[in-house]
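A.B. asks: Please work from the sequences and hints to get the whole structure.
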Amino acid sequence: MSDHIPDTFKNTMNPKENNSRREFIKKAAIAATAFTIVPRFVLGGKGYIAPSDRLTKAVIGVGNMGRAHFPYDGTKVVAICDVDRKHLQQAAAMLDKGVKTFSDYRELIQLPEVDIVHIATPPHWHGIMAIDAARAGKDIWCEKPMTLTIGEGKRVIEAVQQHGRIFRVNTWFRFKDDFYGMGTTVKPIKKLVDSGLLGWPLTVNVGRHTGFNWKFFWVGKDHLDPMPVPPELDYESWLGPAPYRPYNPHRVHQTFRGYWDYSGGGLSDMGQHYLDPIQYFLGKDDTNPVSIEIDAPQQHTDAVGTWRRVVYTYADGCKIVLDGEGKDVDVPYIEGPKGKLYPGFRSDIPDLERKLAAFPDPEPQMTDFTEAVKTRQKFALNEENAHRSCNISTIGLIALRLNRSLQFDPVKQEFINDEAANRYINPAMRAPYTI
Amino acid sequence: MKKLLLSLALAFNILTAAVAQNGVTSDISRIGSILSKMPAQDAVQFETQMNAVTGLGEDGLLTIISMFSDETKKDKSKLEYTINGYATYVTKSGNEELRKKTVNALCKGLSALNDKESKFFIITQLEIVGKDDAISCLQSYLNDERLADPAARVLVRINSAASNAALLQALQQAQGSVRISLIEALGDTRYTPVVQFLQPLVSSEDKNLAKVSIYALANIADPSSEKILSDAAQKAGFTYDITHATSNYIVYAQNLASNGHQAQAVKIAEEIMRKSNFDKGVHTRIAALKLLADIQKEQSIAALLNASVDKHPEYRAAALKFAADYLTPANSRLWIKKIKTADPGMQAAIITMLGDNKSKTAFTAILKLLKSNNKQVKLAAIKAAGKIGQQESLKPLHKVMKKGDEQDAEAVKNALLIMKGDDVTDIVARSISDMPGIAQVKLITVLSRRGEPDKLQVIYPLLTSKDASVRKAAFGSLKYLVTKDQLNKLFTLFNESSDYNDLMELQDAIITSMKDDKSTSYDALILQQVESAASNKKMFYYKILAYLGGEKPLQIVSDAFNSGDEKNKAAALRALTLWTNSNAADKLFAISKETNNVAYFNEAIKGYIKAVSISAYTQGQKFTMLSNAMAIAKTSDQKDLILREMEKTKIYPAMIFAGKYLDDPELQQRAGITIMNIALSNKSFYGKTVRELLNRTILVLKGRDGEFQKQSIRKHLSELPEGEPAGI
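If you read the sequences in order, they're chains A and B. Note that our numbering gives residue 312 to position 312 of the first sequence, counting from 1, and the numbers run on in steps of one. The number in our numbering is simply the position in the second sequence, starting from 1, with 1000 added.
Since the hints were made in silico from the structure, they are not lab data. Just so it is clear, CB atoms sit at the ideal spot from N, CA and C, and this is done for glycine as well. Be aware that a few hints might be false.
Under the rule of at most 20 Å between Cα atoms (straight-line distance), these lysine to aspartate or glutamate pairs were calculated in the EDC-like manner [what the hints assert, rightly or not]:
| # | chain 1 | residue 1 | chain 2 | residue 2 |
| --- | --- | --- | --- | --- |
| 1 | B | Lys1606 | B | Asp1640 |
| 2 | B | Lys1358 | A | Asp361 |
| 3 | B | Lys1479 | A | Asp351 |
| 4 | B | Lys1543 | B | Asp1559 |
Computed footprint of chain A on chain B; a stretch qualifies when at least three of its residues, placed anywhere within it, have a C-beta under 8 Å from a C-beta of chain A [said to hold, decoys possible]:
| # | stretch |
| --- | --- |
| 5 | 1073–1083 |
| 6 | 1240–1250 |
| 7 | 1393–1401 |
| 8 | 1575–1585 |
| 9 | 1717–1724 |
C.D. replies: Here it is, written out as structure tokens:
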């Protein structure tokens, strides 16, 4: 079940992707850009670590996820931050002695020697930290989901673009690796969809039968007794912008995903992995569905629960069906009026691969984050399209919290005729946290 | 049933206590019934339950809220499901009267409760349902250290003149963290009357107070705040600090512009650009440039052209990104003009920007740059020409390819692969024979990726090219292009060839050709070819035989493994692992049992596991076959794979079998997950053995998901029937 953690590391940080100084200079010399920046280590200066060709990185949140992201190629960790002293100590022990440690990320992002800030905290911190990092002039690698709310996502876009930063969310299936149960990368799926061979509109099924696990064990407990905060944890800072609630260990660290204030269970955590490629191959990177229908048990006000089915419909009739129970047996992954595609690229369209070959490939994507940072190019999964794919999970979660289906305006990014739903779009933060 | 009775007893106890305390005379049995059925399991049940709550009336709702004060009951989840469910229910369109009654009940209940965490819960419900009717009952909490923040959040959601006035009134008396919460709330709602109060607080020594004051003033964007916010940004050094003075000065200017004060906003943008013109301030300077571009739109071209020759690469990059947002035919021409004076790097960047934005105005100029002597410029021009011109750019791109080097050819190839147009491959096919070898290799790739079978006529002559790289590319393309009609031709090529790589490619091409006609049996034809093939060529048929998958092909490949030399053995074993059906399973198992070669063993046993996986055997048969594999498996990697396949069977014996590995440090995580996933997928698996296994699994699971997994197992255990099932 936790297999994707090492994969995350492996898949996104392929050590064979050489970013040596020589390679860097060679690439820089012919890159079709005028903007190749010099990593901050190279600039040198008092107190800086010896010159190096690598980009420098600071990691905020050094629990399991953050620590898994230390060693990716082409970067060097120079600073870490965590509100749990134990995490900080364990993480520091894995790194060079010179690494700087912080309990307040606002100090860390002011370090002049840092190029990239990697945000590996629970999601309720993602928006604030990404915005602050952009305002501090850092490029940003953010864990999924991109943000907890729609409002935060919109502000991340603004801050990143306003300050000319490079941003990515840590999911990669739109450009790399076999896509869960599909037995193929997303590229040929995108090519197929673009070709029109399946017809239009399309319905995409994301459930156990098509190879996707919604991880319903990531649910919360609907009753938590208050408990003393362990001395190593700065719980106030852990909560940050979230409403204050008495401490219980189930709220924090590995089990935080079960609580609405910090995450939204499997749909929030795996949702962006599963749904981002769908937005991409449906050509919906700049929009979102217009309706969300749910079938689920009633949700608790604090603890995230399970659901059976969520169906999203776009304005043109395309649908994404989230099958939580795995009841959809023998359904195709994608179904259109002219044909169906099953896991393993099987299809009811005869001779599909040959027919497909005649069509143009999808446009290539910028898939090397360190290269994107050095040459100031937009990364494949950037602040804009990642916000839209994050929105899909988020609007589904809001429907679940309200125990009803909803209509959504993807242009205004607001729910239609539902004030209660709109109150979840940009909820006020606990002071003094702001975006 | 036992659980239901316990729940009802619980509800009754709560109710009795509530009635005793409040003298409420609601129908106890109705409330007890509602609570016992919470949470609702589906929309129908939810509707029924909410209708039942409606039937209780405001007093009944108040009675339920009063139950939060029962200090003997720590678990309030049933009450929370009921109140929260109803709060969401009454916000549905058409329920306004119910919403008002709910707010009334919540407000009355709020004042009657003593426990702050219960009050917190009620306030969070008002955040869902409250409008102006909730303001009065929240006001008394706006100076409460614990509750000011949640109460202020509700007022932010309401965001009316009355709610803002309530926040401002509370602010006059507030201190410490409460004051900070209220200021932030008024910043969220952009309440102008608070401006005079906030302006002096910007210079406070309390950084949090200064921060939220700056935040609020920036959001409200009163023109009178300019000097104060400018000074704060200056104090922060026009970069990030914890008061957010610099970023909020930019936000302030953005809001000024949105409110119609464009001239003042432009002045601020220019001020920030001047004052942040130092290396570490580049991100601030970029933000000011964006501000300017967003206000002046197409008119910002002069500033952007100027920025494009700035000393800082990030600033130059930002200028081009902002330019793309406001690109017109008129300013495209200015960018083209800029290309003439810019350095090559910047030329390439401008070309890329124009290409990415498909600027038709720039097409002719970009075509001229295909002849550039600078490699950066030329490569950018190739890419941009393809994107803008699509099929129109084919002729000039072919010219580039004809005279260019490998980098040029690669760039053209990439442009062709994404190029739209019905004639792309035909034009490529017509041009290929006149191209130099470097270009031919690239164009073969284009044809094999995009081409139709009729393009084979231009590929066949290249199979005999004197250029080895062209020949290799041509052979490699066959598997993408051939159909059933080429089978005989492929056999001819196969028989004529003696090159290892060519034969490997032909092997794949023959399989493609056979796949094109699945209605025909090719067994006899292939067996005849194998029979007549020279001994050193037989191994190139093994993969083809694996595709056929029959008994006779299996015999040939098995014999090759048994009696062949090392090359034949390796090829035969590889073919067995690729077998199209499960027919090779027995042979693979036999090899696994008999071989002393570690590499062969690993390949054979993994091939066996795969054969079991794709087979049509029953789950019970698969379990037996996998158990047999486990008996001879040697490494944890192999055993892990077997346990994964065991899990897919979802049968009881597989779960019990996995239990044997719960104490093995290297396999216990996989075993635990196997047990969990099988047990949780079938509620007919219960009884003492299952409970023991799951409890042992709870002790073992760890890692990021460990706690959640344990929790879901515990939940499953709590829902399992007592006793032993019959017949397992």
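A.B. asks: Next, verify each hint and record whether it holds.
C.D. replies: For each hint, the structure was consulted:
1. A hinted pair counts as satisfied when its Cα atoms are at most 20 Å apart, and Lys1606 of chain B with Asp1640 of chain B qualifies at roughly 11 Å.
2. Among the hinted pairs, Lys1358 of chain B with Asp361 of chain A is consistent with the structure: their alpha-carbon atoms are about 18 Å apart, no more than 20 Å.
3. With a CA separation close to 14 Å, the supplied pair Lys1479 of chain B and Asp351 of chain A stays within the 20 Å bound.
4. At most 20 Å may separate the alpha-carbon atoms for a hinted pair to count; Lys1543 of chain B and Asp1559 of chain B meet this at roughly 14 Å.
5. With 6 residues having a beta carbon nearer than 8 Å to a beta carbon of chain A, the stretch 1073–1083 of chain B meets the requirement of three or more and the stated coverage holds.
6. Only residues whose C-beta sits within less than 8 Å of a C-beta in chain A count toward coverage, and the stretch 1240–1250 of chain B has 7 of them, enough to reach three; the restraint holds.
7. Coverage of the stretch 1393–1401 of chain B by chain A is violated. Counting CB-CB distances below 8 Å, 0 residues qualify, and the rule asks for three or more.
8. As drawn, the stretch 1575–1585 of chain B meets chain A at 0 residues by the rule of a beta-carbon pair under 8 Å; below three, the given contact is violated.
9. Counting residues of the stretch 1717–1724 of chain B whose beta carbon lies closer than 8 Å to any beta carbon of chain A gives 0, which falls below the threshold of three, so the coverage claim is violated.
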